[in-house]
Amino acid sequence: MTEPLLSIRELRVEFPTRRGILTAVDGVSFDIAPGEVLGVVGESGAGKSLTGAAIIGLLDPPGRIAGGEVLLKGQRIDNLPPEGLRRIRGKRIGMVFQDPLTSLNPLFRIGEQLIETIQLHTGMNAAQARDRAIALLVDVGIPAAERRIDAYPYQFSGGMRQRVVLALALAADPELIIADEPTTALDVSVQAQIIALMKRLCREHNVAIMLITHDMGVIAETADRVAVMYAGRIAEIGPVRDVIGRAHHPYTQGLMGSIPTLTATAERLTQIPGSMPRLTDIPTGCAFNPRCPHVFDRCRVERPELLPAERTLAACWLYAADRRATA
Amino acid sequence: MSTAIVEQPNEVFAGTAGPLVKVDHLTCVFDVSRPWLERTLAGAPKQMLTAVADLSFEIARRETFALVGESGSGKSTVARMVVGLLSPTAGQVTIDGVSMSDPRLAAAREKLRRRIQMIFQDPFASLNPRWRVDRIVAEPIRAFGITRNDAEVEARVSELLKLVRLDPADGRKYPHEFSGGQRQRIAIARALSANPEFIVCDEPTSALDVSVQAQILNLMRDLQDRLGLTYLFISHNLAVVRHMATRIGVMYLGRLVEVAPARDIFAHPRHPYTRMLLDAVPDLAMAGRQRKPVDGETPNPIAPPPGCPFHPRCPFAAERCRTERPHAIVTGSVSVACHAVEEGRI
Amino acid sequence: MSVLAQPPAAQAHRGLLARAWDSDIGYSFRTSPVAIGAAAITLVIVLATVFAEFITPQNPFDAAALNLMDGFTPPGEAGAGSGMYFGLGADSQGRDMYSAILYGSRVSLLIGTASVIFSLVLGVSLGLIAGYIGGRIEALIMRIADIQLSFPAILVALLVFGIARGLIHPSLHEQMTFAVMTIAIGLSNWAQYARTVRASTLVEKRKEYVDAARVIGLRAFPVMIKHVLPNVAGPILVIATINLALAVLEEATLSFLGVGMPPTQPSLGTLIRIGQQFLFSGEWWILLFPSLALVTIALSINLFGDWLRDALNPKLR
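Protein chains in written order, with this note's numbering: chain D, 55 to 381; chain P, 55 to 400; chain H, 5 to 321.
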C-alpha cells in the first residue's frame with residue numbers, strides 16, 4: 055500500500071469551558087490516500103467540521119487539539135508554529151467552505167485575490183500569475199474568464215462564486231482540499247454542477263479531497279470512502295458503496311433508513327429514537343448505546359474500537375471476535 | 055393516551071363539498087427600490103420584483119399539496135399569502151368558501167383563522183426565546199379564547215406535548231433547553247393547539263438533521279391521519295416531498311410550471327424543468343455514478359426572461375418559447391405550462 | 005425520548021435567584037471584582053440615601069434645625085453654637101455636610117432615576133413603533149431622533165428647562181422644579197433608546213416567532229409588547245444603567261449652572277455650586293465632599309454598566 059497523503063491518529067479536540075472540558079472530537083483516526091475523495095458525514099454536533107478545522111489549524115479558541123497526531127506525507131503538522139501552518143494552508147492544503155463569502159474578500163476583485171494567492175505560494179511574476187489565474191477560472195468553468203477576472207465577488211451568482219473559491223483552493227496546486235459543506239448553500243441543480251466539477255478537478259489535478267457534509271446524497275456521488283461520525287467519534291468507515299448499501303453500525307443503518315429517497319415508496323421512514331447527546335453528557339461506553347436497538351451490557355461500559363465488519367470498519371461490539379463466533 | 059380534547063377530527067367541515075383551499079390568479083409584487091429620498095436624489099426608477107405571478111391551484115380536504123422549487127421560486131411567498139401574513143397584489147385565496155381578501159367577510163375570516171396554522175422552517179427562530187414552552191403552546195388557545203380556565207389550558211398543553219411525543223413536564227422549560235427536533239415538535243404542538251384543519255408547512259425539516267427529519271416527517275403523517283389535517287407543504291427537497299405529498303406543484307420564477315399527482319410527477323415528469331430537477335437530485339442508489347448536471351442558474355427575478363421563464367436553460371426551447379408565455383394546459387389530473395409539451399415535441 | 009435532555013429538567017425547578025447565580029451572567033459577575041465593587045458601592049449609597057433620616061444627625065432641608073452659629077465648622081470639630089459634632093464640617097448656614105450630601109444624593113438619584121425611566125419609556129415606545137411599523141412613521145421618528153442627537157444633551161435640557169420656566173407660573177417654580185428637571189433631562193436622552201430599540205426590533209420582527217403570533221391574529225400592539233419587547237430588553241438595560249450615571253451628572257451640571265434644584269432642597273450639583281463660592285476663602289470641605297460623592301456615584305454606576313454591557317454581549321465572551 056502506498057504511503058497515505060494525510061494521516062490522522064487518535065485526534066482529540068477539546069473546548070475548556072467553566073463547566074468543565076467538552077470533548078468535541080474524541081480519538082478519531084483515518085487516512086486519505088493521494089487523489090482519494092474521503093467523505094466525512096455526520097449530523098450536527100458530530101464533530102466533522104471540527105475535525106477538518108483541527109487538521110488545518112483553524113480551530114476557534116478556546117478549542118484546542120488535546121491529543122493525537124496529524125501527519126501530512128509522514129510529517130507532523132499539528133505541532134507546527136502558526137507561521138508554519140499558514141505556509142501549508144493554501145500551498146499544500148486548499149480549503150473550500152460552505153459560504154463562498156468567507157473565502158472571498160468582498161472588497162477585492164476576484165483576480166486580485168487569485169493573483170495574490172498564486173504569487174504568495176509560487177513566486178511567479180504578476181503577468182504569469184494573471185495568466186495562471188485566467189487559466190484556473192477557465193478550468194473551473196467561469197465563462198468569459200478574461201473579462202470576469204476583474205469583477206467583484208458580489209457580481210457572481212452563488213454557484214459561480216463557489217467555482218471561484220475552487221479556483222482559489224487550486225491556485226497553488228495543493229495535494230489535498232478540505233471542503234466543508236461546499237454545496238449546502240446551493241440549489242440542487244447548481245449543486246450537481248459543483249459536484250461534477252469537483253470530481254473532474256480531483257481527477258485532472260490529482261488532488262485528494264476531504265469532503266465534509268451532512269448530505270449523504272452528495273457523499274454517495276462523490277466519495278470513494280466515507281467516514282460516518284457520531285458524537286465526536288467515527289462510527290463506521292469504509293468504501294462508500296458498502297457503507298451505504300450494507301451498513302454495519304446500527305447508527306449508520308438508522309441514518310441510511312431515515313433518508314427519504316426518490317425511489318422508495320415506504321409509508322414511514324425508519325427513525326432512530328431519541329436525539330444526539332449533548333457534549334456535556336456523552337454516554338459512557340458506546341456513545342450510541344441509549345438509542346441502539348441491539349444494545350447489550352458491554353456497550354454500556356466499554357467503548358468499542360473500530361472492528362472489521364465485512365468490507366467496512368464499525369465501532370460496534372456486535373462485531374467483536376467472541377460475538378461473531380457465537381453468531 | 056387520553057387525547058379526548060385534542061382529537062376532534064374536523065367532521066363539521068368535512069361534509070362541505072369542494073376543495074378546502076382555492077388559490078386564484080395569486081400575484082405578489084414587491085417594491086425593492088431604494089428608499090424614497092435616495093431614489094429621488096439619484097433619479098432612479100422604482101424596481102419591482104414579481105415574486106409570485108398568476109398562480110392558481112386547489113387543495114382538497116385531507117390531502118397534502120406540495121409546492122417545490124429552488125430558491126427564488128416564490129414558494130415561501132405563496133405560503134405567507136395563504137396564511138394571511140402577506141396581502142396579495144392581485145388574485146385571492148379562498149378557504150372553505152370564504153375569501154381571505156373580501157372586506158365584507160371580515161367576521162367570517164376571523165372565525166376561519168383558528169382553522170389555519172403554520173409551521174416554520176427554523177425552529178430556533180420560531181419560538182419566542184423568552185417564553186416558557188407551556189406559554190408558547192397555549193398562546194393560540196388563549197388568543198382564540200377557546201378556554202380561559204387555567205386548569206383546562208394546562209391540561210390541554212400537556213396533552214398536546216404528549217401528542218408530539220414530548221414530556222408534559224417539558225412545558226416548564228425554555229426553548230433553548232431543547233434540540234432542533236424537539237423545538238420543531240413544540241412548534242407543531244403550538245400549531246395544533248387551536249384544533250386547526252389546515253396547516254401550512256414552510257420547509258418544516260430543512261433546518262434539521264436527517265435522522266431528526268425522519269422523526270418529524272413521520273410525526274406529521276401520523277397527525278394528519280389522526281386529526282384529518284390538510285397540509286400545504288413547501289419544500290426544496292424532492293425526496294421529502296415524495297414522501298409526504300399527494301399532489302405536487304413545481305414552481306419556477308414565481309410561476310407554476312407543472313401540477314400533478316405525486317406518483318405521476320416522479321414516474322412521468324412532463325415539464326423540462328421538472329425533469330431537470332429530478333435528474334439533479336442526489337440519490338443514495340447512485341453511489342459512484344454521476345448525476346446529470348444542468349446548465350445555468352435561476353435568473354434574477356427582477357428581470358425575468360421574456361416568454362417562458364425557463365427558456366434560457368431549457369434544452370427544448372424553440373422560437374415560440376422565447377416570445378410567448380406558455381399557459382397551463384390541463385390533461386386529466388395533470389397541468390403543464392410548456393409549449394414543447396403542448397406541441398408534442400417532448 | 006428525553007433521556008438525553010434530562011439535566012436541564014432539574015434546573016428548571018430551582019429558584020430564580022439560584023438560577024441567576026448559576027447562569028453565565030451570574031458567573032461573569034462572581035468573577036469580576038470591578039463589578040462586585042461597583043455594585044456594592046452603588047448599593048451602599050442607594051441604601052444610605054433611602055434611609056438618610058435614620059443615619060444623619062439633622063435634616064438639612066429644615067431651616068429650623070440649623071444653627072447659624074455652627075457655620076463654617078471644619079471637619080471633625082464640634083459646632084460653636086449647638087456643640088454638635090460635624091464629621092465632614094458644616095457650611096455657611098451651619099448645615100451638616102454629611103447630612104446635606106446624603107439628602108442631596110437622594111435628590112440627585114431620584115431625578116436621575118425618574119429621568120431615565122421617562123426617557124426609557126419614551127425612547128423604547130418610539131423605537132418599537134418605528135422598527136415594527138416602518139414606513140413614514142419610522143422616517144419621521146428617526147429624523148427627530150437624529151436632530152435631537154445633533155445637539156449636546158445639556159443644551160436640549162437647558163432649552164426644555166427654559167421653555168418650562170416660561171410656561172409655568174413663577175409661584176409654582178420651586179414645587180415644579182423636580183418634574184421639570186426630570187422631563188428636561190429625560191427629553192435630552194430618549195433618542196439613544198429609540199435608535200437601539202429600532203435596530204433590534206428590525207432584527208426581531210423578521211424572526212418566525214413574530215410571524216407565528218401574527219398567524220393567530222395578534223395585532224401589532226400585542227405583538228410588540230408581548231413578543232418583541234422582551235427580546236430587545238437586554239441592550240435597553242445596559243443603556244439605562246450607563247444613562248443613570250449620565251443623568252446624575254447632567255442634573256449636577258444644571259444645578260451647578262443655577263438652573264436646577266434651588267438651595268432650599270439642594271441636590272449634589274447645588275451643593276457644589278454653593279461650595280465653590282467658599283473654595284478660595286479656605287472652607288474647602290463645602291466643595292470637596294459633595295464633589296467626591298458625585299464622582300463616586302457616577303463612577304460606580306458607570307463601571308457596573310460597563311460590566312453589564314460586556315456580560316450581555318455574547319461576542320466578547
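What the hints contain is simulated information worked out from the structure, not anything from laboratory work.
What you are looking at is a predicted structure, and each value in this text was computed from that prediction instead of being measured.
Be careful, since some hints might not be right.
Straight line, CA to CA, 35 Å or less: simulated DSBU-like cross-link-like pairs of lysine-lysine [unchecked claim]:
{"id": "1", "chain 1": "P", "residue 1": "Lys-76", "chain 2": "H", "residue 2": "Lys-211"}
{"id": "2", "chain 1": "H", "residue 1": "Lys-211", "chain 2": "H", "residue 2": "Lys-230"}
{"id": "3", "chain 1": "P", "residue 1": "Lys-216", "chain 2": "P", "residue 2": "Lys-165"}
{"id": "4", "chain 1": "P", "residue 1": "Lys-76", "chain 2": "P", "residue 2": "Lys-165"}
{"id": "5", "chain 1": "P", "residue 1": "Lys-216", "chain 2": "P", "residue 2": "Lys-76"}
{"id": "6", "chain 1": "H", "residue 1": "Lys-211", "chain 2": "P", "residue 2": "Lys-165"}
{"id": "7", "chain 1": "P", "residue 1": "Lys-100", "chain 2": "P", "residue 2": "Lys-76"}
{"id": "8", "chain 1": "D", "residue 1": "Lys-253", "chain 2": "D", "residue 2": "Lys-127"}
{"id": "9", "chain 1": "H", "residue 1": "Lys-211", "chain 2": "P", "residue 2": "Lys-216"}
{"id": "10", "chain 1": "D", "residue 1": "Lys-145", "chain 2": "D", "residue 2": "Lys-253"}
{"id": "11", "chain 1": "D", "residue 1": "Lys-127", "chain 2": "D", "residue 2": "Lys-145"}
{"id": "12", "chain 1": "H", "residue 1": "Lys-230", "chain 2": "P", "residue 2": "Lys-76"}
{"id": "13", "chain 1": "H", "residue 1": "Lys-230", "chain 2": "P", "residue 2": "Lys-216"}
{"id": "14", "chain 1": "P", "residue 1": "Lys-100", "chain 2": "H", "residue 2": "Lys-211"}
{"id": "15", "chain 1": "H", "residue 1": "Lys-230", "chain 2": "P", "residue 2": "Lys-165"}
Going down the list of hints, with the structure as the test:
no.: 1; hint: Lys-76(P) with Lys-211(H); in the structure: holds, 28 Å
no.: 2; hint: Lys-211(H) with Lys-230(H); in the structure: holds, 14 Å
no.: 3; hint: Lys-216(P) with Lys-165(P); in the structure: holds, 27 Å
no.: 4; hint: Lys-76(P) with Lys-165(P); in the structure: holds, 18 Å
no.: 5; hint: Lys-216(P) with Lys-76(P); in the structure: holds, 33 Å
no.: 6; hint: Lys-211(H) with Lys-165(P); in the structure: holds, 26 Å
no.: 7; hint: Lys-100(P) with Lys-76(P); in the structure: holds, 32 Å
no.: 8; hint: Lys-253(D) with Lys-127(D); in the structure: holds, 22 Å
no.: 9; hint: Lys-211(H) with Lys-216(P); in the structure: holds, 27 Å
no.: 10; hint: Lys-145(D) with Lys-253(D); in the structure: holds, 20 Å
no.: 11; hint: Lys-127(D) with Lys-145(D); in the structure: holds, 14 Å
no.: 12; hint: Lys-230(H) with Lys-76(P); in the structure: holds, 33 Å
no.: 13; hint: Lys-230(H) with Lys-216(P); in the structure: holds, 26 Å
no.: 14; hint: Lys-100(P) with Lys-211(H); in the structure: holds, 27 Å
no.: 15; hint: Lys-230(H) with Lys-165(P); in the structure: holds, 23 Å
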